[in-house]
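Residues per chain are reported as follows:
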Amino acid sequence: MAVIADLLVQGGQMLVVLALAPLLTGIVRKMKARLLRRQGPPLLQPYRDLLRLIRKEAVVAENASWLFRVAPYLIFAATWVAAALVPTFATGLLFSWSADLIAIVALLGSARFFLALAGMDVGTSFGGIGASREVMIASLAEPAMIMVVFTLALIAGSTQLSTVAGYMMSADVGLRVSLGLALIALIMVAIAENARIPVDNPATHLELTMVHEAMVLEYSGRHLAVIEAAAFLKLLLYVSLIASVFAPWGVAQAGAGLTAYAIGIGAYVVKLAIAGILLAIFETAVAKMRVFRVPEFLGAALMLALLATLLMFMTRSL
Amino acid sequence: MASALSLLCVAALLAISAGAIVLARSKRATPLVYGAACAASSVALVSALAQVMFPPAESPAIILPLGLPWLGAHFRIDALSALFLVIVNLGGAAASLYGIGYGRHESARARVLPFFPAFLAGMNLVVMADDAFSFLLSWEFMSLVSWALVMAHHREPENTRAGYIYLIIASFGTLCLLLAFGLLAGPAGGYGFDEIRTAAPTSALVPVILALVLLGAGSKAGLVPLHVWLPLAHPAAPSHVSALMSGVMTKVAIYGFIRIVFDLLGPPEWWWSMVLLFFGSISALIGILSALMQQDLKRLLAYSTIENIGIIFIGLGLALGFGANAMEWAAALALTAALFHVFNHALFKSLLFLGAGAILNATGLRDLDKMGGLIHRMPVTAFAFLAGAVAISALPPLNGFVSEWLTFQAVLVSPELTQWGLKVMVPTAGAMMALSAALVAACFVKVFGIAFLGRARSTVVAEAKEVDRFSLAAMLGFVVLCVLAGLLPGFVIDAIAPAAEFLVGARLPVQAHVPWLSIVPVAEARSSYNGLLVFAFITASASLAIVLIHRFATRSIRRAPPWDCGFPDPSPMTQYTGGSVAQPIRRVFGSLLFLAREQVEMPPPGDTGAARFRVDMRDLIWEIGYAPIAGIVGFAADRLNRMQFLTIRRYLTLVFLALVGLLLVLVIWL
Amino acid sequence: MIHPLVYDVAHLLAGGMVLVSFMLLYQDRMHGLLNVFALHALVLALSVSWEALIQHAPHLFITAAIALVVKAIVIPLALHRIVRRLNIHRSVETVVGIGPTMLAGMGLVALSTALMLRVTPSADALARQDLAFALSVVLLGLLMMVSRRNAVSQVVGLMSIENGLILAAAGAKGMPLVVEISVAFSVLVAFIVIGIFLFRIRERFDTVDVQALDRFRGENQ
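Protein chains in written order, with our numbering: chain U, 1 to 318; chain F, 1 to 670; chain Z, 1 to 221.
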């Protein structure tokens with residue numbers, strides 16, 4: 001009985017993340033438009049975009065290989081599995097012991113690997129631009145993320161995300177300097193990984209400014225829909241990660257009753273909305289960096305995260 | 001019993017080698033020699049596997065009446081040797097199988113066939129040796145035979161240079177190991193490993209021995225700064241031999257290091273850990289960054305070997321640090337991580353080199369910038385190479401991720417270390433490891449993307465054909481092993497456990513008892529990983545997405561020319577090259593490490609001449625470390641050359657002075 | 001028994017100063033540099049006032065006020081004006097590049113933490129950690145002076161060193177007020193003198209880039 005309830009919660013989590021991911025992007029776009037004194041698209045527009053794309057015929061380049069057609073589904077699957085393991089409305093997920101924080105980071109790395117390969121598959125220079133810039137950004141963002149994971153694991157005593165989230169909800173966390181540094185580093189990495197301003201512009205199709213968009217330039221139809229869904233899920237994953245670790249209020253404990261879950265979902269939606277609004281304000285307020293300023297930005301994130309880990313190692317309480 | 005069987009296999013390999021000398025000219029020599037070598041290696045592999053899975057209570061040494069008369073030659077297979085014998089013979093069997101097909105295109109058969117089985121025999125003997133003399137003899141035999149294989153195509157000048165540098169550094173390494181064993185044996189002169197274990201060297205000598213072992217075994221493994229021979233020699237050899245040298249011989253060097261430092265040198269000190277962590281981290285970083293800058297496929301893979309050796313040394317360093325602080329369970333974790341990575345690297349590096357050999361066979365090319373689109377012409381090789389690339393980039397659910405995960409878990413246990421140096425060094429090493437792992441993924445996106453994806457950049461590539469069954473079988477065998485090791489890592493950890501128990505006195509909890517086939521290195525509450533479930537989830541999600549979309553939306557597809565923002569260019573030269581993909585990373589990291597400078601010469605407006613783009617990079621380690629030594633040796637040799645042309649009177653004067661000098665010394669001393 | 005959260009906030013503010021010192025190292029434009037320096041002084045003021053609250057030492061409030069008014073408002077505004085009037089080059093050239101500079105900064109923070117925690121084994125645990133952060137701020141300020149070619153950024157580095165010293169003094173249970181006032185006045189005087197010199201140098205040599213100024217040193221080079 002408890003197993004079935006746990007299974008339902010895990011399954012519910014997988015559906016919730018998939019259902020809410022386009023909504024988060026919708027909130028961000030609407031807010032950005034409003035800040036620029038435009039009306040903006042409706043909040044549910046991303047859902048309509050996905051449905052429209054799925055029903056269209058996919059136009060594939062003549063020299064594209066099987067990898068080009070399989071990659072969108074692999075990227076989507078890896079991102080969805082990773083997102084399903086981050087606690088959103090409840091901790092203590094049934095399969096959280098099968099992949100810890102390091103595995104989640106590595107799953108996102110797999111998704112990125114196949115996306116870069118798909119970008120290089122057709123043999124155009126745009127794909128090369130996107131892939132080369134993406135792996136450069138990843139070469140600094142991933143170590144920074146791993147260092148953040150180390151800091152969290154050293155504070156909470158485990159790399160399991162459920163244990164970390166549970167520890168953060170307890171009283172003996174305190175306001176540590178390492179946590180503050182880790183939060184700033186995590187936000188910087190999240191901005192870089194999700195291709196938001198100031199690292200990349202998600203709304204552009206100009207060669208000078210593309211990273212993510214350049215890799216998916218040749219995709220259309222259902223393949224593009226699946227890749228867009230994966231991008232939405234990735235943003236949701238990072239927001240959920242920041243929320244579950246640094247703002248864990250309202251999350252239901254494992255095995256609590258239905259009201260706790262309802263409160264959890266409500267709190268989660270509120271957190272998503274706040275995160276979307278803050279992201280929109282941030283993106284509107286800053287300008288995009290030059291491409292070769294991004295390594296310095298991410299290098300700073302890596303230094304901050306490494307500093308947080310070093311402080312944890314040396315003092316054990318900072 | 002098992003030792004006797006393995007020694008028989010070695011004898012068989014040496015006999016095949018001798019037979020190959022006789023048969024080399026005939027047409028059927030290639031399949032015969034490689035087939036026989038494959039059979040012998042497989043028998044040795046099965047015997048070693050049996051030893052690993054069912055470890056005997058005690059393993060006696062076999063003493064052969066060879067070598068020094070008062071010593072004999074001792075051979076023994078204990079837990080550590082059994083593990084490395086599995087790796088050696090697995091690589092040997094696969095390379096032999098590959099060679100049956102690859103060897104048909106070999107032009108210098110007589111230079112390769114006799115030495116190949118001898119190479120396998122040499123590596124087996126090193127792992128089985130139980131006294132210093134047989135160890136050093138087998139080690140030198142292994143080096144010389146591999147040198148002969150490197151010089152197989154000796155008409156190309158770069159191969160001669162590669163062989164020359166390899167020989168010098170290999171001899172230097174053997175000299176260091178000789179001195180190390182001499183110091184270990186002590187004045188009593190007991191060279192058997194049993195005697196060395198009981199004799200404790202004086203504490204003043206221990207740093208010297210450690211330095212000598214690092215120089216000796218580290219140079220063979222490819223530790224920076226002694227790695228300069230590796231990117232020259234590994235590409236020069238035939239591809240299946242490169243796979244053996246990178247995938248297996250470096251592991252034999254690591255075996256030598258582990259045997260001496262963990263087993264024979266006595267209880268560890270904490271500062272040993274600092275040294276290993278330092279050299280491991282810089283090897284990892286310099287290795288992968290150098291790999292990213294290469295355009296030659298085999299040289300790139302050789303540099304990537306250096307990076308993985310760095311990661312293994314980081315794991316070994318962590319194990320020593322924990323051992324010095326009496327945390328045996330953590331030492332077992334770090335050592336298991338290092339040994340798992342040894343196994344993994346043997347698998348995927350051999351796979352990648354065999355794939356490079358397949359490309360060389362099909363197109364005659366090693367230069368990445370002339371390849372492209374091979375996924376259409378060589379689909380099976382492309383699939384196998386992709387699996388190898390995913391494995392080496394440490395992506396779940398394949399095996400590379402598991403060893404990286406275990407090493408990270410070992411780093412996370414280390415705040416309990418008390419020494420300040422370690423407290424600073426360990427997280428730094430962890431950060432360097434994370435950085436290298438991300439750069440490996442970047443490197444293999446470049447390799448696979450340029451070589452296999454895109455459009456063909458030269459006609460020979462556009463007309464390439466898939467290679468023969470034997471090569472494909474060897475590569476696919478490795479793919480299956482990579483997948484199995486990634487999905488069922490608990491079995492590999494349990495197989496490594498006896499070696500860990502033997503070396504550090506503790507082992508990880510038995511993984512076969514963990515539910516759902518997860519691995520739990522420390523405790524359930526702390527961390528766990530389940531490769532099988534992750535793989536199942538990914539497959540299920542992808543299939544669900546495909547089925548739902550094809551059922552409820554559409555599955556129609558239309559082929560059309562590439563979009564390319566509306567301006568497609570038919571010339572394949574407008575694609576990115578290997579250098580272009582690496583350019584952002586070269587700009588970020590290369591300007592400091594390789595003094596990389598880019599120069600663009602644009603013709604003035606109106607001039608229709610071509611623009612020129614130039615990248616200058618320098619190998620600082622060669623310029624600062626080796627070129628001065630070469631210069632000094634050259635200078636001294638020039639000066640000493642004068643002694644060849646002295647008159648008779650001057651020679652007599654030299655003899656007279658030497659005699660008078662020695663008599664003076666005697667007078668002062670007595 | 002004082003609530004541990006109180007000490008956590010003190011550490012957070014001290015750590016915030018280290019963070020802002022890193023931000024100072026990261027800036028590559030003059031106006032950004034001066035704004036971040038104003039932030040540095042603001043965080044210092046907050047940190048010193050928090051220390052005043054928990055140590056019940058009201059004279060530290062005056063220190064905080066001086067830091068806020070003089071260092072966070074007056075000096076950055078004045079430097080903005082100087083930069084505009086002298087038309088000083090708006091981008092900050094670094095000697096080694098921002099990446100290696102930040103790496104060196106990391107090493108300095110690790111060094112100062114390791115040093116402070118080893119040298120003071122018997123002191124109060126919280127004071128030790130605050131001292132470690134203060135020493136880091138001083139060393140990062142020095143790094144900034146060493147790794148920048150522009151005279152204005154070297155002045156900013158000098159003042160951030162001084163901020164670190166005030167942080168150390170405030171954390172170690174107070175500094176006599178008279179010392180603080182005299183120090184603040186001396187900094188103001190030094191700053192005025194440096195400003196006058198910058199005017200003169202700019203008039204004479206048309207640049208304040210110290211590497212260019214090197215040519216005019218007395219010795220034959």
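Hints were generated in silico from the structure; no laboratory data involved. These numbers were taken from a predicted model, which means no experiment stands behind them. Cβ atoms here follow ideal geometry from the backbone N, Cα and C, with glycine treated the same way. A portion of the hints provided could be inaccurate.
To be verified - Non-contacting residues of chain U with respect to chain F, defined by C-beta distances greater than 10 Å in every case (computed):
hint, residue
1, L7
2, K32
3, S65
4, A77
5, A99
6, G109
7, M120
8, I129
9, A131
10, A141
11, I146
12, A260
13, L278
14, I281
What the hints assert, rightly or not - Covered stretches of chain Z (chain F as the covering partner; in silico rule of three or more C-beta atoms under 8 Å from a C-beta of chain F):
hint, stretch
15, 27-37
16, 108-121
Right, here's what the structure says about each hint:
With a least CB separation of 14 Å from chain F, L7 (chain U) remains clear of the 10 Å interface cut-off, as annotated. A cut-off of 10 Å between C-beta atoms confirms that K32 (chain U) is not in contact with chain F; the least separation is 25 Å. With a least CB separation of 5 Å from chain F, S65 (chain U) falls inside the 10 Å interface cut-off, contrary to its annotation. With a least beta-carbon separation of about 4 Å from chain F, A77 (chain U) fails to lie farther than 10 Å from that chain, contradicting its non-interface assignment.
Listed as a non-interface residue, A99 (chain U) fails to keep its Cβ farther than 10 Å from every Cβ of chain F; the least gap is roughly 6 Å. With a least beta-carbon separation of about 6 Å from chain F, G109 (chain U) fails to lie farther than 10 Å from that chain, contradicting its non-interface assignment. Not every CB of chain F is more than 10 Å from the CB of M120 (chain U) (nearest about 3 Å), against its label as outside the interface. A beta-carbon of chain F is positioned within 10 Å of the beta-carbon of I129 (chain U); the least distance is around 8 Å.
Not every CB of chain F is more than 10 Å from the CB of A131 (chain U) (nearest about 6 Å), against its label as outside the interface. Consistency note on A141 (chain U): stated as away from chain F, yet its beta-carbon is not over 10 Å from all of that chain's, at 8 Å minimum. Listed as outside the interface, I146 (chain U) is inconsistent with that label: its C-beta sits roughly 4 Å from the nearest C-beta of chain F, within the 10 Å cut-off. The Cβ of A260 (chain U) sits about 23 Å from the closest Cβ of chain F, beyond the 10 Å cut-off, so the non-interface label holds.
Look at L278 (chain U): its CB is around 28 Å from the nearest CB on chain F, clear of 10 Å, so calling it non-interface holds up. A cut-off of 10 Å between C-beta atoms confirms that I281 (chain U) is not in contact with chain F; the least separation is 30 Å. For the stretch 27-37 of chain Z, the proposed coverage by chain F is not satisfied: 0 residues have a C-beta within less than 8 Å of a C-beta in that chain, short of the threshold of three. For the stretch 108-121 of chain Z, the stated coverage by chain F holds: 3 residues have a C-beta nearer than 8 Å to a C-beta of that chain, and at least 3 were required.
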